[in-house]
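Using the numbering used here, the first residue of the sequence shown is number 1, and each one after it goes up by one.
These aren't lab readings, by the way, just hints derived from the structure by calculation.
Please read these numbers as outputs of a predicted model, since none were measured by experiment.
Just so you know, even glycine gets a beta-carbon here, dropped at the ideal spot from N, CA and C.
Where hints are given, some of them may not hold.
[Said to hold, decoys possible] Listed next, with one range per pair, are the computed distances between beta-carbon atoms:
1. D32 - E55: 24 to 30 Å
2. D32 - N58: 17 to 23 Å
3. Y29 - N58: 15 to 21 Å
4. N58 - S28: 25 to 31 Å
5. G24 - N58: 17 to 23 Å
6. P34 - C71: 26 to 32 Å
7. D54 - T31: 16 to 22 Å
8. E18 - S40: 26 to 32 Å
9. S28 - D54: 16 to 22 Å
10. G15 - Y50: 23 to 29 Å
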Amino acid sequence: AITVGLSSRYYPDWGRTETCKNDGCAPSYMTDTPSYFSSSLEECCDKYYYWKKDECLNENDMGMVMVPPPCYSNTTGTNGVGTGGR
């Protein structure tokens, strides 16, 4: 059996990509509250982006090409790519 940790589960990437991610970069308030995580992309999109589910699913099919490098610090509070360190 394969054990799935929080870093490989899907979470809503609010304020950054506005889709579900499983890149291991969930904010600490989410990692401290496992109910933010979903076991599949579809479950996460259903729960957090139900009004744009198709877009949520399709954005993830594109991989990491369209998003900033993982785990950027959001110190600016604007576009998700902070001025702080990575």
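Hints, one by one, checked against the model:
1. Distance hint check for D32 and E55: the Cβ-Cβ separation is about 28 Å, which falls inside the suggested range of 24 to 30 Å.
2. Between D32 and N58 the Cβ separation comes to about 30 Å, which falls outside the hinted range of 17 to 23 Å.
3. The beta-carbon spacing between Y29 and N58, approximately 27 Å, falls outside the hinted interval of 15 to 21 Å.
4. The hint said 25 to 31 Å for the Cβ distance between N58 and S28, and at roughly 29 Å that hint holds.
5. With their beta carbons about 22 Å apart, G24 and N58 fall inside the hinted range of 17 to 23 Å.
6. As the Cβ distance of P34 to C71 is approximately 19 Å, the hint placing it in 26 to 32 Å is violated.
7. For the hinted restraint 16 to 22 Å between D54 and T31, the CB-CB distance of approximately 28 Å leaves it violated.
8. The hinted range of 26 to 32 Å is not satisfied by E18 and S40, whose Cβ atoms lie roughly 18 Å apart.
9. For S28 and D54, the hinted distance range of 16 to 22 Å is not satisfied, since their beta carbons lie about 30 Å from each other.
10. A beta carbon spacing of about 18 Å between G15 and Y50 contradicts the range 23 to 29 Å that was offered as a hint.
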